[in-house]
Amino acid sequence: MVDATSPTAGRILEGPRGSKPKSRLSRRNIFLYGTLLLVSIYYLLPLYVMIVTSLKGMPEIRLGNIFAPPVEITFEPWVKAWAEACTGINCDGLSRGFGNSVKILIPSLILSISIASVNGYALANWRFKGSEVFFTILIIGAFIPYQTMLYPIVIILREIGLMGSLWGLVLVHTVFGMPILTLLFRNYFTSLPEELFKAARVDGAGFWGVYFRVMLPMSIPIFVVAMILQVTGIWNDFLFGVIYTKPETYPMTVQLNNIVNSVQGIKEYNVNMAATLLTGLVPLVIYFVSGKLFVRGIAAGAVKG
Amino acid sequence: MNINSHSVEVRDLDLHFGEVKVLQELNIDIHEGEFLVLLGSSGCGKSTLLNCIAGLLDVTDGQIFIKGQNVTWKEPSDRGIGMVFQSYALYPQMTVEGNLSFGLKNARVARDEIAKRVARAAEILQIEPLLKRKPGALSGGQRQRVAIGRALVRDVDVFLFDEPLSNLDAKLRTDLRVELKRLHQQLKNTMIYVTHDQVEAMTLADRIAIMKGGKIMQLGSPDEIYNRPQNIYVAGFIGSPAMNMIEGRIDNGHFAGHDLSLPLDGYEFERTDHHAGPVAIGIRPEHVLTGDAVETAAAQAEVEVQIVEKLGSDTLVHSTLGSLNLRFRMDGLSRVTEGDRLRIGFDTSRASLFDAVTETRL
Ligand SMILES: Nc1ncnc2c1ncn2[C@@H]1O[C@H](COP(=O)(O)OP(=O)(O)O)[C@@H](O)[C@H]1O
Ligand SMILES: [Mg+2]
Chain A
1 MVDATSPTAG RILEGPRGSK PKSRLSRRNI FLYGTLLLVS IYYLLPLYVM
51 IVTSLKGMPE IRLGNIFAPP VEITFEPWVK AWAEACTGIN CDGLSRGFGN
101 SVKILIPSLI LSISIASVNG YALANWRFKG SEVFFTILII GAFIPYQTML
151 YPIVIILREI GLMGSLWGLV LVHTVFGMPI LTLLFRNYFT SLPEELFKAA
201 RVDGAGFWGV YFRVMLPMSI PIFVVAMILQ VTGIWNDFLF GVIYTKPETY
251 PMTVQLNNIV NSVQGIKEYN VNMAATLLTG LVPLVIYFVS GKLFVRGIAA
301 GAVKG
Chain B
1 MNINSHSVEV RDLDLHFGEV KVLQELNIDI HEGEFLVLLG SSGCGKSTLL
51 NCIAGLLDVT DGQIFIKGQN VTWKEPSDRG IGMVFQSYAL YPQMTVEGNL
101 SFGLKNARVA RDEIAKRVAR AAEILQIEPL LKRKPGALSG GQRQRVAIGR
151 ALVRDVDVFL FDEPLSNLDA KLRTDLRVEL KRLHQQLKNT MIYVTHDQVE
201 AMTLADRIAI MKGGKIMQLG SPDEIYNRPQ NIYVAGFIGS PAMNMIEGRI
251 DNGHFAGHDL SLPLDGYEFE RTDHHAGPVA IGIRPEHVLT GDAVETAAAQ
301 AEVEVQIVEK LGSDTLVHST LGSLNLRFRM DGLSRVTEGD RLRIGFDTSR
351 ASLFDAVTET RL
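Chains A and B, in that order, give the protein sequences.
Going by the working numbering, the residue at position 167 of the first sequence is 167; the numbering climbs one at a time, nothing skipped.
Going by the working numbering, the residue at position 122 of the second sequence is 122; the numbering climbs one at a time, nothing skipped.
It is possible that some hints are incorrect.
To be verified - Below 27 Å or equal to it, Euclidean Cα-Cα: the simulated BS3-like pairs (lysine-lysine) are: (1) A:K129 - B:K181; (2) A:K267 - A:K246; (3) B:K67 - B:K181; (4) B:K105 - A:K129; (5) B:K215 - B:K171; (6) B:K105 - B:K74.
These aren't lab readings, by the way, just hints derived from the structure by calculation.
Since this is a predicted model, take the numbers as computed values, not measurements.
This is chain A alone, in the form it adopts within the complex (with noise of 0.2 Å):
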């Protein structure tokens, strides 16, 4: 065969060559990224008037552009909305919630996490006597509205003591992700190899050698998934919360929601926005880090032995 690119060849070969060249401003393009635009703003337009409000003092939200920018930056109605706005008796801003939404969060979250993936490994790879009723029991569980239990639960909470603790509702967090968690964490660990959940055995580790030792780290991902869905469900949870807490043990939305329906008084826009953002700062901050430790324990697991 002749080389064509050689200068050897002693010829061109005429005609083009190479990857094809792409006009950047084709109609498939303008169509594509002014679609990707027009939906960010939509999406992004209420965010950017929270920001430019919270940032404003109050006579100069009275002036009614809201989407003009802030002419006199202010953090005055951040560290009210933090420290010092008042939602009842207590005037110690949002930082109670937090505090006590963290409480809520770190343990419901540990707690709903690993018993839900030992219980997913357990019905994965071993079958126990009554493993299937118990999934099916687990599968139901998944789909009653949970409505339904409100009320039980109330009762259940006042037996044994928990009602209006924050240990309660740690307690009724853990139990409803169960469900959904425990079906994740089995599907997962079904798709696993059966052959190294075999090999395992045979080189003689038991139930929690074979979870710790060889399951575990090759389900980052996994965990990782489950952690989001868990803060974010909890984090953002206002039913329970509101429901089987007390003012003192309120988790940090329901505060959020007394601060901003407040009757009393001027409605403080600035605040509520402020408010309103330190909310959700939790779950946005879990989504930025854990979706670049998520796509890194895709591609760790996506090395198969």
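Given chain A, work out where chain B with the ligands should sit, using these hints.
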């Protein structure tokens, strides 16, 4: 090889998955130091039997003994077995060294002993340079070597292999096959090897167990299996191209059917004269004689060549004799073409005769 001591014994083994009876009343004795191959088409229950022996499946009924001990209810790790899987099943997050030592750590073997055994296994399998690598950075052949090493370090009595070479490409498969044979000669362990590849079975096995539908159709040396198949299934399963099966009757010491009359003088069986029912005679393609050898054959016929397959070393001919299809081999250089008429002979001394009803050997 000590024929008298049994390494693995399976007694009346039943295994059901719900309604599906995968293994039924299965019995097998495996000798100390023997290389036994479980051979059968996909879905016949080979892996299931192997998993039962390994203790990875709870048997429905029956007993399993390893080295004389009843291990039916023992944990896999307490049975003195090591297992190698088709998909290698290496722990992806551990290095090769970690993979090799995992079982020993679980058994709480002392650290310097672990190091010694890992080093020895790595030397035998020539994977020393790979010890610090993760499985993801190994080729298929290297991975399977590590998987074998994982069984090797544990110093077990019985090695179980479940289609260990099926995921490798053809060249590597042949290489590793030879290496496995060498390993067996060196270690002298009992090895039970599952495969659906008859070449692997024939080359590796001391004895082959041919399975079908959860039952053992024949257990014997490769030679016995090939030359004295006990039933029509085994006869048709082993050998490529498959044995020619001709149906007919026994008449006065001759096989008669399809206008053929084949003398059964050389065939060793007792009931030649008084077997009245329909029979089938099986003749392997290489026992059909061609060329000059035809003259020596007691029975001859003329066939029409239909298809010629040139394989290099020899030529495969598909032909017809009336309504009968006959396959046979010729020399690689023979110039036979479609439509030719050819004289062939039959070497009946090496044929197999079956009762066509019970499908068993006469
Ligand atoms: N966990 C299971 N549940 C139900 N049926 C199974 C299960 N595992 C295997 N089988 C069935 O048992 C039969 C034998 O399977 P297997 O031993 O894996 O065959 P092979 O000889 O190909 O290794 C197949 O028909 C398969 O469908
Ligand atoms: Mg199999």
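Hint by hint, here is what the structure shows:
no., hint, in the structure
1, A:K129 - B:K181, "violated (42 Å)"
2, A:K267 - A:K246, "holds (25 Å)"
3, B:K67 - B:K181, "holds (23 Å)"
4, B:K105 - A:K129, "violated (30 Å)"
5, B:K215 - B:K171, "violated (32 Å)"
6, B:K105 - B:K74, "holds (20 Å)"
Against the hints set out earlier in the document, violations occur for numbers 1, 4, 5.
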